[in-house]
Amino acid sequence: MARLKRHLLYGLTAQCIVMQPALASPKPSPFLILGGSAEAPRGYLAMCAQTPVECDGAPAASSLAASADSVDVHTPVGASIGATGAIVAARHVLPVLAPAIAFRPSRFSVAVHGPMLNDRFGGFTLTIGSPTPPQALAFVYRVDSTPILAPMPHPAPAPAPMSPDIDEQQLLRQINVRVNRIVRQATDLAIYGREEVWHASGAYDGAAGDCEDMALEKQAELITAGFPKSRLSLAVVYAPAVGLHTVLVARTRDGDQVLDSRTPYLRPWYKSGYTWLSVQAFAGSKAWRQPLSERQIALAASDTADTDRS
Numbered sequence: 001m002a003r004l005k006r007h008l009l010y011g012l013t014a015q016c017i018v019m020q021p022a023l024a025s026p027k028p029s030p031f032l033i034l035g036g037s038a039e040a041p042r043g044y045l046a047m048c049a050q051t052p053v054e055c056d057g058a059p060a061a062s063s064l065a066a067s068a069d070s071v072d073v074h075t076p077v078g079a080s081i082g083a084t085g086a087i088v089a090a091r092h093v094l095p096v097l098a099p100a101i102a103f104r105p106s107r108f109s110v111a112v113h114g115p116m117l118n119d120r121f122g123g124f125t126l127t128i129g130s131p132t133p134p135q136a137l138a139f140v141y142r143v144d145s146t147p148i149l150a151p152m153p154h155p156a157p158a159p160a161p162m163s164p165d166i167d168e169q170q171l172l173r174q175i176n177v178r179v180n181r182i183v184r185q186a187t188d189l190a191i192y193g194r195e196e197v198w199h200a201s202g203a204y205d206g207a208a209g210d211c212e213d214m215a216l217e218k219q220a221e222l223i224t225a226g227f228p229k230s231r232l233s234l235a236v237v238y239a240p241a242v243g244l245h246t247v248l249v250a251r252t253r254d255g256d257q258v259l260d261s262r263t264p265y266l267r268p269w270y271k272s273g274y275t276w277l278s279v280q281a282f283a284g285s286k287a288w289r290q291p292l293s294e295r296q297i298a299l300a301a302s303d304t305a306d307t308d309r310s
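FYI, the numbering for the sequence shown is 1 to 310, going by the working numbering.
Treat the hints loosely; a few may be bogus.
Stated by the list, open to error - FRET-style restraints, in silico, Cβ to Cβ:
no.: 1; residue 1: ARG173; residue 2: PRO28; range: 18 to 26 Å
no.: 2; residue 1: LYS229; residue 2: GLN174; range: 16 to 24 Å
no.: 3; residue 1: ASP167; residue 2: GLY193; range: 16 to 24 Å
no.: 4; residue 1: LYS27; residue 2: TYR265; range: 14 to 22 Å
no.: 5; residue 1: ARG253; residue 2: ALA281; range: 28 to 36 Å
no.: 6; residue 1: PRO52; residue 2: LYS27; range: 38 to 46 Å
no.: 7; residue 1: THR51; residue 2: GLY273; range: 25 to 33 Å
no.: 8; residue 1: TYR192; residue 2: PRO30; range: 34 to 42 Å
As the list claims (entries may be wrong) - For lysine-lysine, the following DSSO-like pairs were computed, each having C-alpha atoms within a straight-line distance of at most 27 Å:
no.: 9; residue 1: LYS271; residue 2: LYS286
no.: 10; residue 1: LYS229; residue 2: LYS271
no.: 11; residue 1: LYS229; residue 2: LYS286
no.: 12; residue 1: LYS27; residue 2: LYS286
Bear in mind the hints are in silico, worked out from the structure with no lab data behind them. This one's a predicted model, so the numbers in the text were calculated from it and none came from an experiment. Using N, Cα and C, we set each Cβ at its ideal position, and we do this for glycine too.
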């Protein structure tokens, strides 16, 4: 019996070794790969209008052109849906639509219909091609599907040089930890009496702010400390337990690192646990872009390979 168990154990071990390569997934890119245009957050646009010096670079995109092609996102009666749910639905439905639009770049308008509209949160159900329900239109998110069909984007450029006297990883960690420790996290409604106010929180006793305020503060402190502005980017992300959330991304030689108000630790973007919705283009630009998911990158690579063979 013992000999039989050993043979079974060896057989299972060998089978696992043989199967392991098939189960392995490709290593994610250490850098975010940005695709088509994305709508800039409303609070960011308002900040740029009030303090243009904070938002140099190209004009911020306030909307994307609509098209005849659309995807409807419906919610059941009595349910609520927020902009967050709509954006996440749009991001997840694009890979499903890719085979149907394989021969023509398109822009898809994602329309959310529901009896209630939450400001930042909300669950959703997604159906494609069903008739429009009688409820009023709650939210529209336009999606540029061109990045899926276009050739692979160019690799991330080499990071701008930094003073050799500065340890960039240590600097990123110090500022992330310090701002997280000092700033009291509070909503815009509690601080300003209204939603979606983007303003650097400051980092002094009594300072308060929400996730985007803390991300802006970290960005300002890093620039003051000598970290190149062209290597810093704001990003809007989502997680079911968190909702819509803003983080700061720092481009390092080893990849894009996330500075998050929810944790003192730096993490690579692909280990953050978030769905990435929109990212401010690097190089100090006001333009916002759609980050490509690993599935979208794989589809783009496959399309490029097919084109090269034809």
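Hints and how they fare:
1. ARG173 to PRO28: 18 to 26 Å: Because 22 Å falls inside the window, the suggested range holds.
2. LYS229 to GLN174: 16 to 24 Å: At 18 Å between Cβs, range holds.
3. ASP167 to GLY193: 16 to 24 Å: violated (41 Å)
4. LYS27 to TYR265: 14 to 22 Å: holds (21 Å)
5. ARG253 to ALA281: 28 to 36 Å: violated (20 Å)
6. PRO52 to LYS27: 38 to 46 Å: holds (40 Å)
7. THR51 to GLY273: 25 to 33 Å: Once the Cβ atoms are compared, 32 Å apart, the range 25 to 33 Å for GLY273 and THR51 holds.
8. TYR192 to PRO30: 34 to 42 Å: For TYR192 and PRO30 the Cβ distance comes to about 37 Å; the hint holds.
9. LYS271 to LYS286: At roughly 26 Å apart (the allowed maximum being 27 Å), LYS286 and LYS271 satisfy the hint.
10. LYS229 to LYS271: holds (23 Å)
11. LYS229 to LYS286: Given pair LYS229, LYS286 holds - Cα atoms ~12 Å apart, limit 27 Å.
12. LYS27 to LYS286: violated (30 Å)
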